[in-house]
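Chain A is fixed; fit chain B onto it per the hints.
2 protein chains.
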Amino acid sequence: MTKQYTVAVVGATGAVGTKMMEQLAKRKFPIGKIKLLASKKSAGKDITFNGQSYTIEEATPEAFEGVDIALFSAGGAVSKVLAPEAARRGAVAIDNTSAFRMDPEVPLVVPEVNPSDLAKHKGIIANPNCSTIQMVAALEPIKKAFGLSNVIVSTYQAVSGSGINAIEELKIQSGEWEKGKDVEANVLPVKSDKKHYPIARNVIPQIDVFTENGFTYEEMKMINETKKIMHMPELPVAATCVRVPVVSGHSESVYIEVEKDNVSVEDVKKVLENASGIKLVDDITAQGYPMPIYAEGEDEVFVGRIRKDLAKDNGFHLWIVADNLLKGAALNSIQIAEALIDEGII
Amino acid sequence: MTKQYTVAVVGATGAVGTKMMEQLAKRKFPIGKIKLLASKKSAGKDITFNGQSYTIEEATPEAFEGVDIALFSAGGAVSKVLAPEAARRGAVAIDNTSAFRMDPEVPLVVPEVNPSDLAKHKGIIANPNCSTIQMVAALEPIKKAFGLSNVIVSTYQAVSGSGINAIEELKIQSGEWEKGKDVEANVLPVKSDKKHYPIARNVIPQIDVFTENGFTYEEMKMINETKKIMHMPELPVAATCVRVPVVSGHSESVYIEVEKDNVSVEDVKKVLENASGIKLVDDITAQGYPMPIYAEGEDEVFVGRIRKDLAKDNGFHLWIVADNLLKGAALNSIQIAEALIDEGII
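From first to last, the protein sequence lines are chains A and B.
Count along the first sequence starting at 1, add 256, and that's the number in my numbering.
Count along the second sequence starting at 1, add 256, and that's the number in my numbering.
It should be emphasised that the hints constitute simulated quantities derived from the structure, not laboratory data.
These numbers were taken from a predicted model, which means no experiment stands behind them.
All C-beta atoms in this analysis are idealised placements derived from N, C-alpha and C, irrespective of residue type, glycine included.
Some hints could be false.
Unchecked claim - Here are the computed distance ranges between Cβ atoms for each label pair: (1) B/D569 / A/K526: 46 to 54 Å; (2) B/E529 / A/S520: 27 to 35 Å; (3) A/E361 / B/S448: 52 to 60 Å; (4) A/G470 / B/A595: 31 to 39 Å; (5) B/A595 / A/G419: 34 to 42 Å; (6) A/T541 / B/N518: 26 to 34 Å; (7) A/I602 / B/E434: 26 to 34 Å; (8) B/T316 / A/E529: 51 to 59 Å; (9) A/T541 / B/G431: 29 to 37 Å; (10) A/N421 / B/T316: 51 to 59 Å; (11) B/N518 / A/Y473: 21 to 29 Å; (12) A/G332 / B/N518: 31 to 39 Å.
Said to hold, decoys possible - The following residues of chain B were derived to be distant from chain A, with all beta-carbon distances above 12 Å: (13) T304; (14) G322; (15) E341; (16) D359; (17) P360; (18) A401; (19) H452; (20) R457; (21) E468; (22) V527; (23) K564; (24) D565; (25) E594.
Next comes chain A alone, as it looks inside the complex (with noise of 0.2 Å):
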């Protein structure tokens, strides 16, 4: 008989802890006691978990003696608190928050790029933001085989990245269509911003909030995790942050230059093709590219609009969508103690 493991569900009503939930049942993830918590305000519902009913506890530090894993999708402020109490209490503490991520002590992983980097841990790992994930697991096959030198992304980025709020007021904005700019707006760009701004039938250019160099956060974690995650300190990242009115799947416009001369869109996509989580759509006589309301649901990142640069022969455009709440969270973590364990790590 395999070995079981108790799980702790931090942040389990959430957006991504739902999906964690769904994705730990999918996958027959070999649980032998489940802990789902949350909020004090929470603590107490009933929650389903593959098909039995759950008492939500209180997402305290005691709550996590004994458990194994611990998967967090809380907020940053309860990840700083209680990742470090779950690691104190020998269980890994996988995190999905940006709380930990650019510790030189926490690996930041995602499975098919660093998976080698898991055994470093010390208690806790940290799970990249949705929209570096998506990308720097395309990136990744590309630079084993041709090398890397520059990275240039502008992103289109769905609603639930902002959370349940988010995506319940695309919906009632979608539906007031005669009101155009005039519906009221109360969560994005940030909740905790000074203004909102409506995003049905609108584009906003802010993903988190700005940093002193005129970048926001999220354009910042892109530039940095991508390069934490694949080991290239130096690499050149630049990237643009953009919500746009989609529920999920977040899409992305990548311009790449690689280090090895000649190499064909061809070679590209050879590439793609036998790389691990990633299914290339790129046909362009069918009109097949990836789209972020065919990628929900879906495990794979998808890849497609493969072209050479017409100035620069090293230069390839990509376009990468992935459902942000699998891939670009809930999966991706649960990828992570799958690769704990095949690892032997725990």
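Coordinates of chain B only, in the frame set by chain A:
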């Protein structure tokens, strides 16, 4: 008394034609007589211009007798046949289709960028593609001040660029929230192409049909037209054009490299602040940046999110938004006509 002109509007019932008439009235264009032309199907219908009712005439070669300025926006096939007929009869044809844009004999003009090309006309002047106009309007003042050596753009284009049917389809699909990807789609990405995809809650990385090199015609228009308008045949330009569920207002994430060293963000802002037709909206402390929903109905090209690249000292990122039916089409055509008068060319 200032001279008055006989003006023909070809395609008076279309999305852009309607906006052309609005602009002629709003800007008090010196019209002596107006002729509203359309296909045989629409001929005989009544239409209002500037508070008066007019009967639409069929657009035939003879309809251009006595016309000084003929504004074309009824599709490339109509322009190809009738713009030369109008020119032959002494009119200046200002054509909003792609029929003549890359013809070396035909000036392709954004009045703020290359007004001096107008004098070279031989009866036909082309109005550039919507997504090109707003980009070159923002890039020309930067080029003049600092030089320009590289352009990479990803677009977020509104459905109104595909006409009234596309707006209607987005409206219907927006109301059918529960259907998700199963909504009916008949118009986008390209009405005459084989497959159609939903645009509500989706983004589609195809505008116009594909060319052999893997870029779409829309992308090639941006690439080739930018070089022609800016008189920079060797400028590296790359484009990825994407349709988003926005009614009106194209947005563009643009990466550029300038030739001069040590240019600061403040330098770029100052140049754009003083540029004709540009409105700088760039105050991140107050979440000030351009968005399509607020650009709708406005004449200016809005620029914001200006920041220096973190890896390349001469690299800058810009976010450019304009109403694609106004500066991107109808308004630019009328501004061409105004410039012809101002320069004494007609």
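Quiz item: Any of the earlier hints contradicted here, and which numbers?
Solution: 1, 2, 5, 6, 7, 19, 20, 21, 23 and 24
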